[in-house]
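Visitor: The chain contents come next:
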Amino acid sequence: MSRTAGKRGRGMPPHAPSRTRTTVGCIVVALLYIWSSIGTETRPVSLFLGIPDMANLFARMWPPNIAYLRTMIGPLVETMQMAMLGTVVGAVLAIPVVLVAARNISRHSAVYHIVRGLLNLVRTLPDILLASVFAAAVGFGALPGVMALAVFSFGIIAKLTSETVESIDPGPMEALSASGSPRINVIYYGVVPQVLPQFVAYCLYVFEINVRAATVLGLVGAGGIGMWLQRDMNLMMYRNASAIILLIFAFVLAMDLISNYLRGRLV
Amino acid sequence: MIELINVSKTFPNGVQALRNVSLTVRDGEFLVVVGLSGAGKSTLLRCINRLLEPTSGQVIIDGVDVTAARPEELRRIRTGIGMIFQNFNLVKRSLVITNVLAGRLGHTSPLRGLLGLFSAEDIDIALACLDRVGIRDKAYARADQLSGGQQQRVGIARALAQRPSLILADEPVASVDPPTSHVVMRDLKRINEEDHITTVVNLHFIDLAQQYGKRIVGLRAGEVVYDGPVQDVSESTFESIYGRRIREADLRDAEGVYTR
Numbered sequence: 007m008s009r010t011a012g013k014r015g016r017g018m019p020p021h022a023p024s025r026t027r028t029t030v031g032c033i034v035v036a037l038l039y040i041w042s043s044i045g046t047e048t049r050p051v052s053l054f055l056g057i058p059d060m061a062n063l064f065a066r067m068w069p070p071n072i073a074y075l076r077t078m079i080g081p082l083v084e085t086m087q088m089a090m091l092g093t094v095v096g097a098v099l100a101i102p103v104v105l106v107a108a109r110n111i112s113r114h115s116a117v118y119h120i121v122r123g124l125l126n127l128v129r130t131l132p133d134i135l136l137a138s139v140f141a142a143a144v145g146f147g148a149l150p151g152v153m154a155l156a157v158f159s160f161g162i163i164a165k166l167t168s169e170t171v172e173s174i175d176p177g178p179m180e181a182l183s184a185s186g187s188p189r190i191n192v193i194y195y196g197v198v199p200q201v202l203p204q205f206v207a208y209c210l211y212v213f214e215i216n217v218r219a220a221t222v223l224g225l226v227g228a229g230g231i232g233m234w235l236q237r238d239m240n241l242m243m244y245r246n247a248s249a250i251i252l253l254i255f256a257f258v259l260a261m262d263l264i265s266n267y268l269r270g271r272l273v
Numbered sequence: 019m020i021e022l023i024n025v026s027k028t029f030p031n032g033v034q035a036l037r038n039v040s041l042t043v044r045d046g047e048f049l050v051v052v053g054l055s056g057a058g059k060s061t062l063l064r065c066i067n068r069l070l071e072p073t074s075g076q077v078i079i080d081g082v083d084v085t086a087a088r089p090e091e092l093r094r095i096r097t098g099i100g101m102i103f104q105n106f107n108l109v110k111r112s113l114v115i116t117n118v119l120a121g122r123l124g125h126t127s128p129l130r131g132l133l134g135l136f137s138a139e140d141i142d143i144a145l146a147c148l149d150r151v152g153i154r155d156k157a158y159a160r161a162d163q164l165s166g167g168q169q170q171r172v173g174i175a176r177a178l179a180q181r182p183s184l185i186l187a188d189e190p191v192a193s194v195d196p197p198t199s200h201v202v203m204r205d206l207k208r209i210n211e212e213d214h215i216t217t218v219v220n221l222h223f224i225d226l227a228q229q230y231g232k233r234i235v236g237l238r239a240g241e242v243v244y245d246g247p248v249q250d251v252s253e254s255t256f257e258s259i260y261g262r263r264i265r266e267a268d269l270r271d272a273e274g275v276y277t278r
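So the sequences go chain by chain: A and B. The numbering of the first sequence is this note's numbering, which starts it at 7 and goes up by one. The numbering of the second sequence is this note's numbering, which starts it at 19 and goes up by one.
Hints were generated in silico from the structure; no laboratory data involved. Errors might be hidden in some of the hints.
[To be verified] Which bits of chain A does chain B cover? Going by a derived footprint, with three or more residues having C-beta under 8 Å, they are:
1) 177-183
2) 194-201
[Said to hold, decoys possible] Residues of chain A placed beyond 10 Å of chain B at every Cβ, according to the derived structure:
3) VAL30
4) THR46
5) LEU99
6) ILE190
7) GLY227
8) PHE255
[Claimed, not checked] Taking CB as the label site, the calculated pair distances span:
9) A:VAL35 - B:ARG111: 45 to 53 Å
10) B:VAL243 - A:LEU124: 52 to 60 Å
11) B:PHE29 - A:ARG271: 25 to 33 Å
12) A:GLY80 - B:ARG130: 42 to 50 Å
13) A:ALA256 - B:GLY134: 25 to 33 Å
14) B:ARG111 - A:LEU268: 17 to 25 Å
15) B:ALA239 - A:ARG27: 52 to 60 Å
Every residue gets a Cβ at the ideal spot worked out from N, C-alpha and C, and that includes glycine.
With the rest of the complex left out, here is chain B (with noise of 0.2 Å):
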C-alpha cells in the first residue's frame, strides 16, 4: 500500500507543483493520474520514489517512510519500484538485453555490475521479461534499432527485471503512435492483472484513462481534484479535472468517443 500524507513539492523558482496532495493506492490496484501537463502529474510519480525530494509531507510506501529513509535505504527502495519514463530513458547505444539487465543492478553487487557478471538467473530473469512484452527475439539488438514501441516494452522488460511490487509509469505512450499505445497499456494491464504489481500511470489521454484505469486520479494546478472509480467518470468530470472542454488532442485515438 502506497499512501501520500499532505505531499507538497516547490521547485527552486517558485513553481508549486504539488499543493497538500493525500492518496492511498491499495496493493494490485491499477490507478490512472489524468491532468493537463504541467499539473504535477510527473512530480507526483517522483515524489514516490524521491527522483524528487517533496518539500513536505510523507510518502510511506508499505508501512516504510520513503520520505525518511536514508541514502542506501532508499536505493533498496528503489529496486522495488519499476519506472517506466515517456522518453524510454533506454542506453541507445547498448544491446536490448544490456537495458534490460540493467534492471537487475539493483539486486547485484556494484563489482558483479562493473564487471558485467551477471547471473544465469538473472539473464533468464531479462529474457523472459522480454518475453513477457513479445520482444524476446529483439534481445541482442541494439536499443536504438528498435521502433518506438519495441523501446517502450523493452523500458517495460526493465522494469519487471526489477521483480518490483510497484511499478510508476510517466506518460508511457506520449512518444508512440495511437496502435502501440494500445499494445503499451495492454501490457502494463496485463502485467497488473497477472502479477498483481500495483501500478500508477499518468495519461493525459481521457480514452485511454477510461478504456484502461480502474480508477482515476484527477490533478489540477498540484492539486488532486478527482479520486473515483473509472465508472462514474463522464466527459463533465474530465471537463472539469482539465477545467475546460475536451478537445480532440485530449484524446489518443481520433475517432474517440468524445469527438464532435
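Extracted from the complex, chain A is given alone in its bound form (with noise of 0.2 Å):
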C-alpha cells in the first residue's frame, strides 16, 4: 500500500500487486499435501470409506450402558481428585518461582532469565508425555498422573503470575520499603494483595484443563476414568465406552461452568 502511494507520488501509474506470491504459495501449500498424504498413505477417498465403519462402531456402541455408570463413579472422583491435587501441588510450587521470576521482585538478573528459560522448557511438554514418562518411573496408578498434571500446572500458573507480578502498581512496595519494613512483608503486604485475585483465577482456570487432560492420563496408564475407557475400548465393549464417554463430557462441561462461574466473581 505504501510502496504504490510512493510510486504514485513520483508520478508512476497504480498498477495491482504481483500475483507471483499467492501462486507461488498455493504451490507449497500443494506439495506439502501431497507429500503428507503419501507419508501417511491416506487418499482423500479413504477418508470417506471410513464413514461405514466409524457408523458400525456407533451402532455397537448404542445404547450406552447407563448401569454401568454406578461402578464409574470412583474412578470420576479419581479423575476429579488428581486433577485437584495437580493443581494444588502446582501452585503451591510456583509461589517461590514467581517471587524469581518477575522481573521487579528478582534481585538477580541472571537468576531471573535462567528461570524464566526453565518456565518457557516446562510448558514446552504436553501433560500426556509427563504422564507416560513419570508412568514408567513409579508404575501405573493415579500417582503418575498428579505428578504430570502438578508439573503442568507449575509451569503455567508460575509464567501467567510472574507477568501479573510485573504489571502491578509499584507505589505500595516503594511505600513499604520506605517504612524499613522486612523485605519479606514488602512482598507480602505490597505485592500478594495485588495479584491475589489473579492468582486464584489461573488456578481455576488450570484446573478447568487438568480435569480435561485427567481424563485422558488413563491411556497411558497414568490413572483415573481413562484407564478404564482404554480397558472397555480394548475388550470391544463398546456400550461401556460410551456411556464412559457421555459421562466425561458431562464431568468436564460441568467443571468447566462451575469454574468459569468462580473466576467471574473473583476479579
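Can you join these two chains into the complex? Each is in its own frame, and there are hints to help.
Guide: Right under this line is the structure:
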C-alpha cells in the first residue's frame, strides 16, 4: 500500500501488486499436502471409506450402558482428585518461583533469565508425555498422573502469575520499603494483595485444563477414568465405553461451568 | 537534625537531577521545597531515605551517616522516617487498617508480620493515627472505597504509625482537590507542631508553600537557588526560583494572591 502510494507520489501509474507470491504459496501448500498424504498413506477417498466403519462402531456403542455408570463413579472421583491435587501441588510449587521469575521482584537478572527459560521449557512438554514418562518411572496408577499434572500446572501458573506480578502498581512496595519493612513483608503486604485474585483465577483455569487432561491420562496408564475407557475399548465393550464418554462429557462441562462461575466472581 | 552535604544524583540516562545540594534541616522544622516539576524535588526526598542512591555526597540524620548504612541498618533508619506520596501508594484492595498497620511492619518481626499477628498495642496505635487525621470510622473500609483526600489521610496515618522523627511528603496534595489540599496540609502542619516531627514537604503550589511553610527552599535544575524563612519570600522570589513568571497553574486556589 505504501509502496503504490510512493510510486503514485513520483507520478507513476498505480498497478495491481504481483500475483507471484500467491501462486507460489498455493503450490507450496499443495506439495505439502501431497507429501503428507503419501507419508500417511491417506488418500482423500480413504477418509470417506472410513464412514461405514464409524457408523458400525456407533451402532455397537448404542445404547450406552447406563447401569455401568454406577461402577464408574469411583474412577470419576479419582479423576477429579487427580486434577485437584495436580493443581494444588503445582500452584504451591509456583509461589516461590514467581518471586524470582518477576522482573520487579527478582534481584539477580541472571537468576531471572534462567528461571524464565526453565519455565518456558516446562510449558513445552505435553502433559500426556510427562504422564507416560512418570508412569514408566513410578508405575501405573494415579500417582504419575498427579505428578504430570503438577508439573504442567506449575509451568502455567508460575508463568502467568509472574507476568501479573510484573504489571502491579509499584507504589505500595515503595511505601513499604520506605517505612523500613522487612523485605518479605514488603512482598507479602505490597504484592500479594494485588495479585491474589488473578492467582486464584489462574489456578481455577488450570484446574479446568487438568480435569480434561486427567480424563485422558489413563490412556497411558496414569490413572483416572481414562484407564477404564482404554480397557473397555480394548475388550470391545463399546456400550460401556460410550457410557464413559458421555460421563466424561457431562463431567468436564460441569467443572467448566463451576470454574467459570467462580472466576467470574473473583475480579 | 538532617544534613545533606554536597549531594548529587545523576540517573543512568545521564540526567543530572541534583547538583551539589547542601542543606541542614533542624529538629522540628517545617520545610517546604518548591520548584518546577523536574527540578529535583522528588529526587531530593528519595535521596534522604535512599529510595534513590545518591551518586555522591552524604546524608546524615541525627549524626548517623545514612549514605554509608548497610542494608539492615538502613532498614532500621527508615523505620524512623515516615513518607507520604503524591499517589498515596496504598494497597487499594486492602482494608484501611491494614494499610496503616503496614506502617508498623518495620517494628514487627518478619514472622509476626507474615501471620498478621499485630499486637494489641499496634492496633491501638493504628486506630489512634486514623483518629488524628479524622477517619477512624473508615478503619474497616477497603482503601479504594475512600475519596482521594481520605486516601491521602490514610497515607499520613500510615506514616504516623511508624512513630517517626521525620516525615517526608512528596507532593502530598497534587492528587487531591483544592479544599482537601488544605485539610491535608493542616494535618501535616498540626502533626509537625504537636509532635515536633521534622517535616519536609515538596510542593509546586506557591500559595500553599507560603501559607504553610516556615522555611522555603527553592530548587531549580537540581540546585538550591533559594533558602530562607517564609516571611522573606515574595512573588519575585518564586519567579527567580521558577525562572519564569508565576501562572495560575502555580496556585492551588484559583483566587490566589498572585492571580491577575
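Visitor: Evaluate each hint against the coordinates.
Guide: Do the hints match the structure? See the list:
Using a Cβ-Cβ cut-off of 8 Å, 6 residues of the region 177-183 of chain A lie near chain B, which meets the minimum of three, so the contact claim holds. For the region 194-201 of chain A, the stated coverage by chain B is satisfied: 5 residues place a CB nearer than 8 Å to a CB of that chain, which reaches the threshold of 3. With a minimum CB-CB distance of about 47 Å to chain B, VAL30 of chain A clears the 10 Å threshold, and the non-interface call stands. At roughly 54 Å from the closest C-beta of chain B, the C-beta of THR46 of chain A stays outside 10 Å, upholding its exclusion from the interface.
A cut-off of 10 Å between C-beta atoms confirms that LEU99 of chain A is not in contact with chain B; the least separation is 19 Å. Residue placement check: ILE190 of chain A does not keep its beta carbon more than 10 Å from all beta carbons of chain B (closest about 5 Å). Consistency note on GLY227 of chain A: stated as away from chain B, and its beta-carbon is indeed over 10 Å from all of that chain's, at 42 Å minimum. With 10 Å as the threshold on Cβ separation, the claim that PHE255 of chain A sits away from chain B holds: the shortest Cβ distance comes to roughly 38 Å.
Between VAL35 of chain A and ARG111 of chain B the beta carbon distance is about 51 Å. The supplied range of 45 to 53 Å therefore holds. Our hint of 52 to 60 Å for VAL243 of chain B and LEU124 of chain A holds, since their Cβ atoms are close to 53 Å apart. The hinted range of 25 to 33 Å is not satisfied by PHE29 of chain B and ARG271 of chain A, whose Cβ atoms lie roughly 44 Å apart. Between GLY80 of chain A and ARG130 of chain B the Cβ separation comes to about 45 Å, which falls inside the hinted range of 42 to 50 Å.
Our hint of 25 to 33 Å for ALA256 of chain A and GLY134 of chain B is violated, since their Cβ atoms are close to 42 Å apart. For the hinted restraint 17 to 25 Å between ARG111 of chain B and LEU268 of chain A, the CB-CB distance of approximately 18 Å keeps it satisfied. For the pair ALA239 of chain B and ARG27 of chain A, the beta carbons lie near 56 Å from each other, so the given range of 52 to 60 Å is met.
Of the numbered hints given earlier, the model fails hints 6, 11 and 13; all others are met.
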